[in-house]
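Quick one: dock chain against chain with the hints and give me the complex.
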Amino acid sequence: MPADQGPCPMDPGQMEATLQRLAQDLLAHVQPQEEVVLLGIRSRGLPLAERLATRLRASSGARVPVGALDITLYRDDLTEMVGSPIVRPTEIPFTLKDRTVVLVDDVLYTGRTVRAALDALLDHGRPHRVLLLVMADRGGRELPIQADFVGLKVEVPKGHRVAVRLTEIDGVDGVCVEAC
Amino acid sequence: MPGIRYLFPHKHLLGIQPLSPQDITALLDQAAAFEEVCERPDIKIVPALRKKLVVNLFFENSTRTRNSFEIAEKRLSAEIINFDADTSSLNKGETLVDTAMNLEAMHPDLIVMRHSAPGAHQLLARHMKASIVNAGDGAHEHPTQALLDAYTLRKRFGKLEGLRVAIVGDIRNSRVVRSNLWLLTKMGAKVTLVGPPTLVPQDLKATWPGIEISYDFDAVIPQQDAIMMLRAQFERGTGAYIPGQGEYSRFFQLNAERLRRAKPTVAVLHPGPINRGLEITSEVADGPHNLILDQVTNGVPVRMAVLYLLSNQHGEQVP
Numbered sequence: 001m002p003a004d005q006g007p008c009p010m011d012p013g014q015m016e017a018t019l020q021r022l023a024q025d026l027l028a029h030v031q032p033q034e035e036v037v038l039l040g041i042r043s044r045g046l047p048l049a050e051r052l053a054t055r056l057r058a059s060s061g062a063r064v065p066v067g068a069l070d071i072t073l074y075r076d077d078l079t080e081m082v083g084s085p086i087v088r089p090t091e092i093p094f095t096l097k098d099r100t101v102v103l104v105d106d107v108l109y110t111g112r113t114v115r116a117a118l119d120a121l122l123d124h125g126r127p128h129r130v131l132l133l134v135m136a137d138r139g140g141r142e143l144p145i146q147a148d149f150v151g152l153k154v155e156v157p158k159g160h161r162v163a164v165r166l167t168e169i170d171g172v173d174g175v176c177v178e179a180c
Numbered sequence: 181m182p183g184i185r186y187l188f189p190h191k192h193l194l195g196i197q198p199l200s201p202q203d204i205t206a207l208l209d210q211a212a213a214f215e216e217v218c219e220r221p222d223i224k225i226v227p228a229l230r231k232k233l234v235v236n237l238f239f240e241n242s243t244r245t246r247n248s249f250e251i252a253e254k255r256l257s258a259e260i261i262n263f264d265a266d267t268s269s270l271n272k273g274e275t276l277v278d279t280a281m282n283l284e285a286m287h288p289d290l291i292v293m294r295h296s297a298p299g300a301h302q303l304l305a306r307h308m309k310a311s312i313v314n315a316g317d318g319a320h321e322h323p324t325q326a327l328l329d330a331y332t333l334r335k336r337f338g339k340l341e342g343l344r345v346a347i348v349g350d351i352r353n354s355r356v357v358r359s360n361l362w363l364l365t366k367m368g369a370k371v372t373l374v375g376p377p378t379l380v381p382q383d384l385k386a387t388w389p390g391i392e393i394s395y396d397f398d399a400v401i402p403q404q405d406a407i408m409m410l411r412a413q414f415e416r417g418t419g420a421y422i423p424g425q426g427e428y429s430r431f432f433q434l435n436a437e438r439l440r441r442a443k444p445t446v447a448v449l450h451p452g453p454i455n456r457g458l459e460i461t462s463e464v465a466d467g468p469h470n471l472i473l474d475q476v477t478n479g480v481p482v483r484m485a486v487l488y489l490l491s492n493q494h495g496e497q498v499p
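Protein chains in written order, with my numbering: chain A, 1 to 180; chain B, 181 to 499.
Quick caveat, the hints were computed from the structure, so don't treat them as lab data. Computed from a predicted model, the values in this text were never measured in an experiment. The beta carbon of each residue, even a glycine, is placed where N, CA and C say it ideally should be. There's no promise every hint is true.
[As the list claims (entries may be wrong)] Beyond 12 Å from chain B on every Cβ pair, some chain A residues (computed): (1) Q24; (2) T54; (3) R63; (4) K97; (5) V107; (6) Y109; (7) A116; (8) G125; (9) R129; (10) V130; (11) D137; (12) R138; (13) K153; (14) D173; (15) V177.
[Stated by the list, open to error] Sample of chain B residues lacking proximity to chain A, with all beta carbon distances greater than 10 Å (derived): (16) A213; (17) V235; (18) I261; (19) D396; (20) Q425; (21) T461; (22) H469.
[Said to hold, decoys possible] Straight line, CA to CA, 27 Å or less: simulated DSS-like cross-link-like pairs of lysine-lysine: (23) B/K370 to B/K385; (24) B/K231 to B/K309; (25) A/K97 to B/K224; (26) B/K385 to B/K366; (27) B/K254 to B/K191; (28) B/K254 to A/K97.
Bound conformation, chain B alone (with noise of 0.2 Å):
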């Protein structure tokens, strides 16, 4: 340990794909010394970030991200401008190239950006100073939703390695499932991923070849340690690729009966929004096995992690 300076080697968090697992272990570390912050019973705030511009960049709805994203720069002191596609002048056909100028022209450290284009990032890495944060592209990556799902699941079992963590439902609409894919590979996790044929696409093999498959929700429940519930996205479509929601229900929805073939020590996951009643029961989001409202309250910490390791300019610089 002394002596030995561990620096975060990357610029930009774009995905969790360029990461080592020595990255993931210093964001997960680090998250837990900010949870301290948040716990606080007083002042939840450090001047971590005090001299610094984070710019929002959503181009994209999302409450839940966006507000954790504000909570995390809030509580490092950093300057804050939320910018929405909606009031910008996108509307008027200025090009992701132009806004990211004009933003640079107000020397901003760090940008939290989401977008539907999964190049949209790279793209203005290449023409920023700033730091850049991916909250969410499209189908591609939403690697914040991954380190805090890691984070809850480290701080439930004190490990991800050697966890059996089935992923279930809406497979192909999903960037939490790519990232979290990532991730959990990377930390040693053994993945299924659940769900009816047309929403599994059989070729994410090819990427993560540890990766299990599976269309029978019940045969795989009872060797989970976890299971990570996905949003039915019906408003990005996946109702294109189901017969129906009550079929989709009777065969991959988590609900009590289900949840009684698990292990007693299961734990259940969801990003949310979630459907009650569709993906999920009540009784099952609400019950004893539920982390999902631990998974909200660790995004704060693990977001302040990743701005603060971002925040300071870099040495020898990794993309």
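Chain A extracted, bound-state conformation (with noise of 0.2 Å):
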């Protein structure tokens, strides 16, 4: 464990509970008539989004088509970087007119990757309604967005991070705070 990893307040076991539990909570919100798709913002949205999709399916029977947004192209200080960051691609392999569509992230903080994600989703169609769904908020908004559905709040010390770990892309599962 590196020197200046602090606390981690999910554990393996812990966000196994948490999906589960963000599954349930979902199927209890929307109407059974609702044909619901999730959309997982890359990178760490997406494994979150098909983990989610698993259960949602076990649960229901429903289909729960899982698609992956990239929203480097929809960034608003996109112009303002040095050097163009690598967009990796959208896939939607589906419609998103009168779905309701279940926006799915890592962590939520300023706002800003999920107004991004919202400009992006309605250029592939117009959904019924759209929910936003993430595994923690740590707070520091600097947009009026408020997610839906929310694995964890956590509390962030100055100049430390949430990273929300998964076995598809770090090898474990989990959620830390970490020295930026």
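Have a look at this one:
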């Protein structure tokens, strides 16, 4: 474990339980006639969305398609950056028209990523409604954006960040607070 | 992957020659992301270059390259100015540097230029703050054409390394060839240049020692994964090097009979515009092996990738 690592408020077992709870909350929230699709924001929103979809399919029997959203081209600071960040493909092989879209991301902080994601997804069609689900909410919003489903609220000291780790990308599950 | 942030290290795209294999792969990967934008059912526009001004500066005629760039710029939400040599003060004797200084006063972010002189782009790059994209310079380089050819080949075959590609026709007068030679050899493809001795300069082997040169199209056809036909450019003087068009077609035209001896999976490319019945027959140009219109389609996302990667200010700059 790196020396600058702070506390880890979520271990692998707790993440499993949290995903299960989030899936149940989501099912309780939507009407039976709504067609739910998940859009994972790259990179860590995507495996989270896939895991949620597996649980939703098992509980409801619905298809629950999963898409991947890369928000790079919609960032509000894109033209001010030094160098152009590499864009990975957005993959939405289904319609968003009249669907209930659940945006999935790992951490909610300023809200700027979600703002960009809303712009990006609206270019793909007009959904019935859009919900936001995040694994960790660390406060510090700079835009009027809130999540509908939150895995964990995390207090973060100055100079620190929240790291959501996922087996698919990081080799291990968990939520930790670490120095920037 | 995580932790390592690749930044495209070039300010300009003057040619393929200065690019590393990693740069080329990054450009092609980016093009794949922009292809998704181009294939969306409704809104094929992203706000990536929203505050950027792009000048299209064409000193030579070009319909398809210029249209392709303009579509790419529009899909990136850039502001666009089209500057035609015909309508500018160039006819009144203004020099290229004067033109550049005047353009500089408009603070463009990117300049897409076609000019017949190979050094024109470097000259502009020295006098301007904007990033310069070479849209073709004489018989020297045409980097975005080579990139879209490579993108088309990679999409079809999954890789470039080890691919056998024959480039056939007027090698001498083609800028497409030089950019393609740089790109394909850097990426590990095996290139054979084919044409009459007068149109295939032997000294190309000094620059690209790994390539092969053949004057016998029929002999090399069966080994190729892809055949890239070049336009016989009679407006650029191809005619001065060959006895006649009939003779040229007899030995170097890609027709159905020749294609029968190729691999069943062979891909046929052509940078356009095609001379039907001269270097390629309609049967082949419109046939199942052709990727000619895929090349045109792929030109837009490839040019979007180029403009996007050059559009931001750079930390450490490599010319």
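For each hint, the structure was consulted:
no.	hint	in the structure
1	Q24	31 Å, holds
2	T54	24 Å, holds
3	R63	20 Å, holds
4	K97	10 Å, violated
5	V107	14 Å, holds
6	Y109	18 Å, holds
7	A116	9 Å, violated
8	G125	7 Å, violated
9	R129	19 Å, holds
10	V130	17 Å, holds
11	D137	22 Å, holds
12	R138	19 Å, holds
13	K153	25 Å, holds
14	D173	16 Å, holds
15	V177	18 Å, holds
16	A213	4 Å, violated
17	V235	17 Å, holds
18	I261	18 Å, holds
19	D396	43 Å, holds
20	Q425	45 Å, holds
21	T461	37 Å, holds
22	H469	27 Å, holds
23	B/K370 to B/K385	13 Å, holds
24	B/K231 to B/K309	16 Å, holds
25	A/K97 to B/K224	16 Å, holds
26	B/K385 to B/K366	15 Å, holds
27	B/K254 to B/K191	21 Å, holds
28	B/K254 to A/K97	25 Å, holds
Hints 4, 7, 8, 16 from the earlier list are contradicted by this structure; the remaining hints agree with it.
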